[in-house]
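S.K.: Sequence:
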Amino acid sequence: MMRKIWVKADPWDKELVLTALESGADGIMVPDGCSEKIKELGRVTTICADGDLVPGKDVEIFTITSGDDEEAICRLAAQKLVILECTDWTIIPLENLIAKGADVAALVHSFDEAQLAFGILEKGVKQVMLDTRDPGELKKTLELLKGEAGSLSLVEAEVIDVKNIGMGDRVCVDTCRNMEKGQGMLVGNSSSALFLVHAETVSNPYVAPRPFRINAGAVHAYTRVPGGRTRYLSELEAGDEVEIVNHDGSVSSAVVGRLKIEKRPMLLIKARIGDKGVATIVQNAETIRLTSPEGEPVSVVSLAPGDRVLAYHEEGGRHFGHKVDETITEK
1 MMRKIWVKAD PWDKELVLTA LESGADGIMV PDGCSEKIKE LGRVTTICAD
51 GDLVPGKDVE IFTITSGDDE EAICRLAAQK LVILECTDWT IIPLENLIAK
101 GADVAALVHS FDEAQLAFGI LEKGVKQVML DTRDPGELKK TLELLKGEAG
151 SLSLVEAEVI DVKNIGMGDR VCVDTCRNME KGQGMLVGNS SSALFLVHAE
201 TVSNPYVAPR PFRINAGAVH AYTRVPGGRT RYLSELEAGD EVEIVNHDGS
251 VSSAVVGRLK IEKRPMLLIK ARIGDKGVAT IVQNAETIRL TSPEGEPVSV
301 VSLAPGDRVL AYHEEGGRHF GHKVDETITE K
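Everything in the sequence shown is counted per the working numbering, starting at 1 for the first residue and increasing by one.
Hints were generated in silico from the structure; no laboratory data involved.
Capping the alpha-carbon separation at 25 Å, the derived lysine-lysine pairs in PhoX-like fashion look like this:
| no. | residue 1 | residue 2 |
| --- | --- | --- |
| 1 | K126 | K139 |
| 2 | K126 | K4 |
| 3 | K163 | K276 |
| 4 | K57 | K126 |
| 5 | K14 | K139 |
| 6 | K270 | K181 |
| 7 | K260 | K163 |
| 8 | K39 | K57 |
| 9 | K39 | K4 |
| 10 | K4 | K37 |
| 11 | K14 | K140 |
| 12 | K80 | K146 |
| 13 | K4 | K14 |
| 14 | K37 | K139 |
| 15 | K163 | K270 |
| 16 | K100 | K57 |
| 17 | K39 | K80 |
| 18 | K146 | K14 |
| 19 | K100 | K126 |
| 20 | K37 | K14 |
| 21 | K80 | K126 |
| 22 | K146 | K126 |
| 23 | K146 | K181 |
| 24 | K140 | K39 |
| 25 | K139 | K4 |
| 26 | K181 | K260 |
| 27 | K163 | K263 |
| 28 | K57 | K37 |
| 29 | K4 | K80 |
| 30 | K4 | K100 |
The calculated label-pair distances, taken between Cβ atoms and stated as ranges, are:
| no. | residue 1 | residue 2 | range |
| --- | --- | --- | --- |
| 31 | R308 | E40 | 53 to 59 Å |
| 32 | D240 | S153 | 22 to 28 Å |
| 33 | D103 | R308 | 36 to 42 Å |
| 34 | D112 | D69 | 21 to 27 Å |
| 35 | D240 | D103 | 21 to 27 Å |
| 36 | H109 | K276 | 44 to 50 Å |
| 37 | V54 | I165 | 52 to 58 Å |
| 38 | E235 | E15 | 37 to 43 Å |
| 39 | E36 | E158 | 58 to 64 Å |
| 40 | E235 | P31 | 41 to 47 Å |
Even for Gly, the Cβ is constructed at its ideal location relative to N, Cα and C.
Throw the hints in and build the complete structure from the sequences for me.
M.R.: Okay, here's the thing in structure tokens:
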């Protein structure tokens, strides 16, 4: 799910606007006539009479008073951005609307309310409008929630074979953020079985750490991107988003800054998840690492049968990156 956090800065508050811009707000609601003032400070979507989205035309603020309003909200949400205000900020109307598939922006006033809205029915709303006059609360909400993208249940895969397979085109994904120990990208030969390839956070005598980089694997391999989709590594380019996964399963996102595709010697890693055989292909080099169940980076050149590494496994298949309920065999 791609989360959006809109910010209400009406009445005008320059400090609030600057905090919103610096912390990555998706858009800002400001008083009429202030859109150009925003554009002078940064590039962002504005909501006002002279803005990118115009209230009444592109945006509707709806105060829900009873369950009878839900059908009207669903119809409106199919045509424009609906900012939903609950009179007593109860989660019941949001639960009902989410269950009906309505994409609304919940009006919230704090980090706690935003966190609750994003977690309703486990799925949560896709967007909120944050109305606070406290720059500190705004910064906290954007920094803690903007990059989060939920969590995944990682499993242990038992390595059964590692072998050289000759030369191939491998992909390094350089992101616009630094990663930490235990973080990386999910990559694999099958969209339903992906290994946690660790970021290059480890020092060695020959190469300095590059914590923004994941030497992910061969051009044909799949990786996860926000929205629960997969893409081929070779399809990625600057400006795309990818999922960054921590060893505990928590997921955030990163923007791709650069892709490096070069010919390198490759390794085929075969493993087993339960009774299912899975595999991935990575560069044959000490600096490429998978991730142990404890979150430790494990060099692929030291892997041996019986070793256990973290992976993500799901049932079903994929069609153009979207999950489908059908049986697909990938070998």
